[in-house]
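Peer 1: Given next are the chains, with one letter for each unit.
2 protein chains.
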Amino acid sequence: MYLYREIEAEWAANIAKGLVRPGEAMPSVREMCRRKQASPATILAAYARLEGKGLIQAKPRSGYYVSAKAGHLPEEPRISSPSSAPTSVQVGDWVMRMLRRDIHRDQTPLGAAFPALELLPSLPLSRHYAKAGRVLGREALAYVLPPGNPDLLRQIARHSWQWGAGLLPEETLITSGCLEALTLGLRAVARAGDIVAIESPTYFAILQAMENLGMRALEIPTHPRKGMDLDALATAMKKHSIRACLLAPNFNNPLGSLMPDSHKSRLVHMLGKAGIPLIEDDIYGDLHFGEKRPKPAKAFDRKGLVIYCASFSKTLDPGARIGWVSGGKFHPQIMRLKVMNTLVSATLPQAALAAYLETGAYEKHLRRLRVALKDQVQHMVMAAQRHFPEGTRISRPQGGFTLWVEFPQRIQTLALAEAAEREGISLAPGPIFSAGGHFRHCLRLSCGHPWTAYLEEALRTVGKLCHTPG
Amino acid sequence: MYLYREIEAEWAANIAKGLVRPGEAMPSVREMCRRKQASPATILAAYARLEGKGLIQAKPRSGYYVSAKAGHLPEEPRISSPSSAPTSVQVGDWVMRMLRRDIHRDQTPLGAAFPALELLPSLPLSRHYAKAGRVLGREALAYVLPPGNPDLLRQIARHSWQWGAGLLPEETLITSGCLEALTLGLRAVARAGDIVAIESPTYFAILQAMENLGMRALEIPTHPRKGMDLDALATAMKKHSIRACLLAPNFNNPLGSLMPDSHKSRLVHMLGKAGIPLIEDDIYGDLHFGEKRPKPAKAFDRKGLVIYCASFSKTLDPGARIGWVSGGKFHPQIMRLKVMNTLVSATLPQAALAAYLETGAYEKHLRRLRVALKDQVQHMVMAAQRHFPEGTRISRPQGGFTLWVEFPQRIQTLALAEAAEREGISLAPGPIFSAGGHFRHCLRLSCGHPWTAYLEEALRTVGKLCHTPG
Numbered sequence: 001m002y003l004y005r006e007i008e009a010e011w012a013a014n015i016a017k018g019l020v021r022p023g024e025a026m027p028s029v030r031e032m033c034r035r036k037q038a039s040p041a042t043i044l045a046a047y048a049r050l051e052g053k054g055l056i057q058a059k060p061r062s063g064y065y066v067s068a069k070a071g072h073l074p075e076e077p078r079i080s081s082p083s084s085a086p087t088s089v090q091v092g093d094w095v096m097r098m099l100r101r102d103i104h105r106d107q108t109p110l111g112a113a114f115p116a117l118e119l120l121p122s123l124p125l126s127r128h129y130a131k132a133g134r135v136l137g138r139e140a141l142a143y144v145l146p147p148g149n150p151d152l153l154r155q156i157a158r159h160s161w162q163w164g165a166g167l168l169p170e171e172t173l174i175t176s177g178c179l180e181a182l183t184l185g186l187r188a189v190a191r192a193g194d195i196v197a198i199e200s201p202t203y204f205a206i207l208q209a210m211e212n213l214g215m216r217a218l219e220i221p222t223h224p225r226k227g228m229d230l231d232a233l234a235t236a237m238k239k240h241s242i243r244a245c246l247l248a249p250n251f252n253n254p255l256g257s258l259m260p261d262s263h264k265s266r267l268v269h270m271l272g273k274a275g276i277p278l279i280e281d282d283i284y285g286d287l288h289f290g291e292k293r294p295k296p297a298k299a300f301d302r303k304g305l306v307i308y309c310a311s312f313s314k315t316l317d318p319g320a321r322i323g324w325v326s327g328g329k330f331h332p333q334i335m336r337l338k339v340m341n342t343l344v345s346a347t348l349p350q351a352a353l354a355a356y357l358e359t360g361a362y363e364k365h366l367r368r369l370r371v372a373l374k375d376q377v378q379h380m381v382m383a384a385q386r387h388f389p390e391g392t393r394i395s396r397p398q399g400g401f402t403l404w405v406e407f408p409q410r411i412q413t414l415a416l417a418e419a420a421e422r423e424g425i426s427l428a429p430g431p432i433f434s435a436g437g438h439f440r441h442c443l444r445l446s447c448g449h450p451w452t453a454y455l456e457e458a459l460r461t462v463g464k465l466c467h468t469p470g
Numbered sequence: 471m472y473l474y475r476e477i478e479a480e481w482a483a484n485i486a487k488g489l490v491r492p493g494e495a496m497p498s499v500r501e502m503c504r505r506k507q508a509s510p511a512t513i514l515a516a517y518a519r520l521e522g523k524g525l526i527q528a529k530p531r532s533g534y535y536v537s538a539k540a541g542h543l544p545e546e547p548r549i550s551s552p553s554s555a556p557t558s559v560q561v562g563d564w565v566m567r568m569l570r571r572d573i574h575r576d577q578t579p580l581g582a583a584f585p586a587l588e589l590l591p592s593l594p595l596s597r598h599y600a601k602a603g604r605v606l607g608r609e610a611l612a613y614v615l616p617p618g619n620p621d622l623l624r625q626i627a628r629h630s631w632q633w634g635a636g637l638l639p640e641e642t643l644i645t646s647g648c649l650e651a652l653t654l655g656l657r658a659v660a661r662a663g664d665i666v667a668i669e670s671p672t673y674f675a676i677l678q679a680m681e682n683l684g685m686r687a688l689e690i691p692t693h694p695r696k697g698m699d700l701d702a703l704a705t706a707m708k709k710h711s712i713r714a715c716l717l718a719p720n721f722n723n724p725l726g727s728l729m730p731d732s733h734k735s736r737l738v739h740m741l742g743k744a745g746i747p748l749i750e751d752d753i754y755g756d757l758h759f760g761e762k763r764p765k766p767a768k769a770f771d772r773k774g775l776v777i778y779c780a781s782f783s784k785t786l787d788p789g790a791r792i793g794w795v796s797g798g799k800f801h802p803q804i805m806r807l808k809v810m811n812t813l814v815s816a817t818l819p820q821a822a823l824a825a826y827l828e829t830g831a832y833e834k835h836l837r838r839l840r841v842a843l844k845d846q847v848q849h850m851v852m853a854a855q856r857h858f859p860e861g862t863r864i865s866r867p868q869g870g871f872t873l874w875v876e877f878p879q880r881i882q883t884l885a886l887a888e889a890a891e892r893e894g895i896s897l898a899p900g901p902i903f904s905a906g907g908h909f910r911h912c913l914r915l916s917c918g919h920p921w922t923a924y925l926e927e928a929l930r931t932v933g934k935l936c937h938t939p940g
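As you go down the protein sequences, you meet chains A and B in turn.
For the first sequence, position 190 matches number 190 in the working numbering, and the numbering has no gaps at all.
For the second sequence, position 412 matches number 882 in the working numbering, and the numbering has no gaps at all.
Among these hints, one or two may not hold up.
[What the hints assert, rightly or not] Computed Cβ-Cβ distance ranges for the label pairs, DEER-style:
1. ARG604/B - LYS364/A: 50 to 60 Å
2. GLY275/A - ARG892/B: 33 to 43 Å
3. LYS239/A - SER554/B: 39 to 49 Å
4. VAL605/B - ARG367/A: 23 to 33 Å
Source of the hints: derived by calculation from the structure; they are not laboratory data.
Positions of the beta carbon are idealized from the N, C-alpha and C atoms, including for glycine.
The task is simple: from the sequences and hints, build the whole structure.
Peer 2: Pasting the structure below:
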């Protein structure tokens with residue numbers, strides 16, 4: 001990359017991160033020449049590009065300053081206000097459409113929430129796969145019956161110690177990804193016709209699973225930063241016979257919201273008193289942007305009513321399809337359901353991941369991954385702010401790698417996603433995150449990929465499409 | 471192994487296979503000395519052991535003859551006569567118990583139907599796993615979205631050509647084992663409360679899946695050699711509103727029954743006329759003891775109403791958890807259900823199996839495997855006949871590797887399985903193969919392991935336990 005481009009990228013990031021704030025001076029050209037060992041022409045070229053993007057502006061005889069708009073964070077999306085009646089769920093067709101788009105890798109990947117493969121430790125993992133094959137020999141072909149590979153269960157329990165309480169290996173079961181964990185949890189505690197309270201918006205595959213199982217979704221208003229509104233939940237519990245609650249307190253997909261610990265504690269207490277099981281999706285929990293790994297709601301569970309679900313699909317090895325569920329008092333029933341659903345999970349991936357975790361490299365990898373994802377999310381926020389229409393609200397994720405965008409009402413994201421598809425850009429339109437078809441003017445952006453000019457261009461295109469009459 | 475033991479095993483097998491029949495003379499001791507380059511003492515030792523087992527008997531001054539009882543096949547089990555009302559299903563606890571037993575490999579493995587690992591091509595497979603890891607590199611970590619790895623889909627379609635019509639790759643989807651294929655099929659065509667017609671006995675995991683999904687099982691009388699009784703099915707169709715039919719025309723587990731082609735054709739026609747989908751379990755279809763690979767019912771399907779399910783778990787690589795479903799007109803719905811259930815199946819196993827199949831080694835492997843399994847089944851039949859009580863009926867499987875035993879009514883196999891467990895022997899008691907708790911005096915024996923004195927001893931123990939008052 002040319003040096004002026006590097007300098008441009010570095011300072012765009014600094015501005016996005018708030019390291020320099022609106023109105024503050026940029027380093028002088030002379031100072032930058034010294035720092036970067038570069039010519040004034042190079043620095044001026046970088047600054048000109050930053051100015052072109054509206055991030056900085058020149059003041060005559062005074063140098064460059066961060067422009068007022070640049071550091072200004074866009075407004076957050078509003079707290080959701082879904083209908084207060086349970087709905088039967090029908091989002092399947094839209095999701096299949098998006099996934100089909102993302103099979104074609106030539107589309108710009110803003111739709112499905114996959115981490116870029118270059119962020120994952122493919123080399124050490126492939127060595128562990130090869131080694132596991134050699135070590136297991138013939139046993140690589142054998143079933144590993146539920147609860148799964150004991151070494152892997154031990155490593156997962158050990159990993160969970162970082163958030164304090166930790167999981168009990170004897171209550172934990174290996175699944176084929178987090179989605180199987182969640183659906184087994186749902187099937188363990190609810191039946192067709194039952195009402196399940198969920199966040200609004202919520203991850204579409206959950207909605208689809210409920211759709212197929214004939215369960216009714218009760219969408220609870222959800223704050224874009226603090227998660228599910230517990231007062232609203234309490235009201236709903238009085239009005240409806242809620243059979244279970246399913247949510248992601250740590251970085252809801254798509255919001256990136258983080259429920260404060262005090263709320264988690266209240267949630268678990270509230271549900272516990274009513275004897276309502278909580279199915280907790282913690283798949284993004286390790287991807288926190290703050291200092292500390294947030295606790296899951298499971299850490300506040302004293303009654304065994306929390307069914308904790310997670311996986312390695314967003315952080316380490318999507319292709320392995322290895323997740324886990326720690327089912328509290330529902331563990332025996334979940335074990336039975338696993339046997340009925342897929343019987344066992346693949347043998348070699350379990351052994352390879354156990355060996356990789358054993359080395360301790362996972363925690364180091366996560367530290368690097370979190371820095372990268374936080375950076376990518378910030379770039380996406382900035383670009384969305386630059387290119388999306390006036391009045392667009394953007395979430396402030398505190399972890400994970402999805403961004404939630406609330407456009408002005410006139411912009412219909414189902415139509416927008418179709419238009420973007422024609423331009424080779426994959427998007428996840430808002431309504432697929434709602435059982436009741438809400439969020440017609442919202443959009444989820446996946447920030448799984450390192451920031452490039454290519455992504456900037458895609459955002460610009462989406463912004464332009466917003467102005468085109470559907 | 472000592473030579474006299476080898477000779478004993480060889481002739482026990484010859485008798486089992488009917489190569490020498492009751493009343494026929496065994497080769498003379500002198501002849502055998504010549505053939506085997508052995509001493510008369512060795513031959514006499516082998517013959518003495520065969521005599522001890524009641525397989526041959528000495529006639530004074532005339533030599534040895536195959537004894538009358540030896541070649542006498544036991545009676546087959548009766549055609550089942552389950553209750554004609556749909557039942558809700560509850561077999562989960564028993565199955566978990568059996569699987570837990572089989573986790574402990576120190577138990578003699580007559581319970582769960584796994585093929586012995588030594589019968590599977592572990593060495594070439596492990597080379598293909600390692601190679602796939604190298605070839606894929608970083609891509610080994612990526613999701614392979616439904617329908618799955620295209621090379622594997624192509625190989626599966628190619629493999630299916632051997633039975634004539636073959637599967638359409640564009641209607642086929644990779645699943646996490648055959649069980650996921652079957653449960654997705656069930657969920658695609660039936661809901662809670664619906665009636666599904668099944669064979670009686672039928673594979674317990676199917677019953678469990680139906681139990682959890684709240685579907686009602688209608689057990690149809692099933693012939694131990696010809697499969698489901700189609701007249702009984704026709705009667706049931708008049709009486710009940712049947713939503714779907716699920717069966718294994720090729721080698722039902724546990725019966726090993728093989729539905730004749732004319733019956734398959736009639737079955738598909740009958741159901742097609744009524745618009746009832748058929749979910750076909752063909753997991754054992756490649757393990758035929760006869761010359762030709764039997765056609766599945768799918769081969770007779772003209773309306774796209776047959777949902778064909780199979781996997782590599784019984785024939786090649788159980789640990790890979792790779793199956794497939796070819797859903798006819800239900801394919802789009804099954805694709806959606808896959809996305810809701812486990813999203814995708816593990817990446818590396820799909821690539822490794824595709825590469826292995828590409829070499830053509832699978833067909834060669836299957837030829838060897840079929841010979842081994844047929845031999846193991848015959849040994850098990852013989853041993854059961856030797857050790858089980860008078861009046862025991864034994865199935866004559868035409869493929870697969872499970873044997874169905876019908877004891878005299880007084881023998882309760884749930885109690886028998888518990889007693890055997892205490893003796894270190896894992897058994898699958900009859901009632902877990904029935905929604906209505908039938909088959910209390912029946913037992914499934916897995917013949918997945920090469921015949922050894924160890925298995926002979928286990929059968930002897932089970933036989934003794936039959937005589938112990940519960």
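Peer 1: Each hint needs a verdict: does it hold in this structure or not?
Peer 2: Hint check results:
In this structure, ARG604/B and LYS364/A break the distance hint of 50 to 60 Å, their C-beta atoms being roughly 25 Å apart. Checking the proposed 33 to 43 Å range against GLY275/A and ARG892/B shows it holds: the Cβ atoms sit about 39 Å from each other. Separated by about 44 Å at the C-beta atoms, LYS239/A and SER554/B satisfy the suggested range of 39 to 49 Å. The hinted window of 23 to 33 Å between VAL605/B and ARG367/A holds, with their beta carbons roughly 30 Å apart.
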